[in-house]
Amino acid sequence: PGEDVCAWVSGFFGSGKSHFLKVLGYLLEDRPLTWPGGTVVSSREFLCQKLGLGSMAPILAREFDTRVLYINLVNREPRETVSHLVYQTLLESKGLSTQLWVAQWEEEFQSLGKWEAFLDWVKARWGRPWEQERRLNAYPVLLRALVELIPDKYRDENLSRTALDDSRHRFAEVRPGDVALRLRREAESIHPTRGRIVVLIDEVGLYIGDSPDRVGDVRALAEQVVAQGQGKVWLVASAQETLEDLVT
Numbered sequence: 262p263g264e265d266v267c268a269w270v271s272g273f274f275g276s277g278k279s280h281f282l283k284v285l286g287y288l289l290e291d292r293p294l295t296w297p298g299g300t301v302v303s304s305r306e307f308l309c310q311k312l313g314l315g316s317m318a319p320i321l322a323r324e325f326d327t328r329v330l331y332i333n334l335v336n337r338e339p340r341e342t343v344s345h346l347v348y349q350t351l352l353e354s355k356g357l358s359t360q361l362w363v364a365q366w367e368e369e370f371q372s373l374g375k376w377e378a379f380l381d382w383v384k385a386r387w388g389r390p391w392e393q394e395r396r397l398n399a400y401p402v403l404l405r406a407l408v409e410l411i412p413d414k415y416r417d418e419n420l421s422r423t424a425l426d427d428s429r430h431r432f433a434e435v436r437p438g439d440v441a442l443r444l445r446r447e448a449e450s451i452h453p454t455r456g457r458i459v460v461l462i463d464e465v466g467l468y469i470g471d472s473p474d475r476v477g478d479v480r481a482l483a484e485q486v487v488a489q490g491q492g493k494v495w496l497v498a499s500a501q502e503t504l505e506d507l508v509t
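When we follow the numbering used here, the leftmost residue of the sequence shown carries the number 262, and every step to the right adds one.
Among the hints, erroneous ones may be present.
[Unchecked claim] Label pairs and their computed distance ranges (CB to CB):
no. : residue 1 : residue 2 : range
1   : Glu-324   : Asp-381   : 37 to 43 Å
2   : Leu-420   : Ala-488   : 18 to 24 Å
3   : Trp-296   : Met-317   : 20 to 26 Å
Since the hints were made in silico from the structure, they are not lab data.
Virtual Cβ for every residue (Gly too), placed ideally from N, Cα, C.
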């Protein structure tokens, strides 16, 4: 654990920043590569050999269990903060809804051991899989599901509605500290000591533009990753500008 967990990658347009981030992600997570013939190989072993880093492969395998979140900020909505986008990407990587309040209830069903029962109930009651229903009908489905599947806590729809409204309010805004803490807990769930979450954010400079608020959001997220991540969360950002050009 230490403070050296944030890195800034700068270079002119076309210099290979995005390619570098993706190679880094594959090296750290060891995502499988599938050749045209169908052969599956370890991306870590392949890239280490290709890049002349053969001795690094066993070290990476021994020291880290890593999940990589890759986020490209080109053409992102101006109202979305970097912290919010990181949280959404984490949820999406777990197969959860990108609506934060909905994802919290999905995780609640999982923690109670009722996830499969919930999925079966949605399909039987509403005629479509939850992945389809949650796009437009998450609230009414969950409103009834809490009463049906967790009756000891939510004996009627009034209690269910209060709980849902509270979660919608709590997750209307995402703070950098909340994101950093959640990322650390996710890393610890992978492995208590070797678990790592590496967040790769591409084209931060284009996203920030001349907005002081966005500069502040990125800076706050980096500070919280250092303060709350305990060395288990890494943040790597790329931009055409140097860091000094953006923050001075």
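Cross-check of the supplied hints:
Checking the proposed 37 to 43 Å range against Glu-324 and Asp-381 shows it holds: the Cβ atoms sit about 41 Å from each other. Look at Leu-420 against Ala-488: about 37 Å separates their beta carbons, and that is not inside 18 to 24 Å. Checked against the hint of 20 to 26 Å, the C-beta distance between Trp-296 and Met-317 comes to roughly 22 Å, which is consistent with it.
The structure does not agree with numbered hint 2 stated previously, though it agrees with all others.
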